[in-house]
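Student: Sequence:
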Amino acid sequence: MPRKSRWPVLAVAFASCVAFLIAFAYLFGGDDEEEQVATPDCRQGPTTPGIDVSYHQETINWKRVRRAGVLFAFIRASDGTTFGDPMFVKNWANARKVGILRGAYQYFRPEENATAQADLLIAAIKHDRGELPPVIDLESDGGKSPTQIRRSVQIWIERVRAKLGVEPIIYTGPDFWRNKVGGADLTTQPLWLAHYTTSCPTIPPPWTAWTLWQHTDRGRVPGIDGPVDLDVFAGTFADLEDFARRSRR
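Numbers 17 to 265, taken from our numbering, label the letters of the sequence shown in order.
FYI, nobody ran anything at the bench for these hints, they're computed from the structure.
Take these hints with a grain of salt, some might be off.
Said to hold, decoys possible - Pairs of lysine-lysine residues, derived as DSS-like cross-links and limited to a Cα-Cα distance of at most 30 angstroms, are as follows: (1) LYS179 with LYS142; (2) LYS106 with LYS79; (3) LYS179 with LYS160; (4) LYS142 with LYS113; (5) LYS142 with LYS79; (6) LYS106 with LYS179; (7) LYS179 with LYS113; (8) LYS113 with LYS79; (9) LYS160 with LYS106.
With the sequences and hints as input, model every part of the structure.
Tutor: This is the structure we're talking about:
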């Protein structure tokens, strides 16, 4: 009998092996660095994706974060005057190395001295101010009245403005601003709005537009284990760079 060629058998075996390796890589070893961070669409124009982090995200692989399309990050410096974020220095330096625009934020405690809190933030970034304005994170009333909170926020803003020559950003939610701050008019400051929704967020009056929007606290980003806050800037990356320049006095 004539001898049969082994090539068809080898070709089938080779193809099967390649298919297995591709499936294995997809299921267990896929390059999630290629995944891009999803951004919401509330039909107001282009947006730029970013994140905000603290020590809760533990060690961050900032190279992978940047490859995932994250272009800016707000990094917590402290919680009031009593807790300096232990990952701030590391996150601040490593985000810069990969070209992510940075802004520092401070969780504000209205029951603590506003000037002391501002000075702590100022000291944290005095040698490297970052590219974006610093942020007062306002989501705790500390048992204070709307009038007291408003005055403390104004003291903090004026202190940071005077020392750093920049217009700080206010981070808050629509309900908190209405109920706990009495809808105070601090619209001279850019608004970073926290509202978790897939539609357009609710803007707290008297602001009429948001500059930044934190749209979820359950985001997933390559390079970060576990959930992370996802944000967008209202504009293109060039607009974000321009915003950073215009914020400086």
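Student: All hints, please: hold or fail.
Tutor: Against the structure, the hints:
no. : hint               : in the structure
1   : LYS179 with LYS142 : 9 angstroms, holds
2   : LYS106 with LYS79  : 14 angstroms, holds
3   : LYS179 with LYS160 : 26 angstroms, holds
4   : LYS142 with LYS113 : 18 angstroms, holds
5   : LYS142 with LYS79  : 25 angstroms, holds
6   : LYS106 with LYS179 : 24 angstroms, holds
7   : LYS179 with LYS113 : 26 angstroms, holds
8   : LYS113 with LYS79  : 9 angstroms, holds
9   : LYS160 with LYS106 : 34 angstroms, violated
Violated hint for the displayed structure: number 9, the only one.
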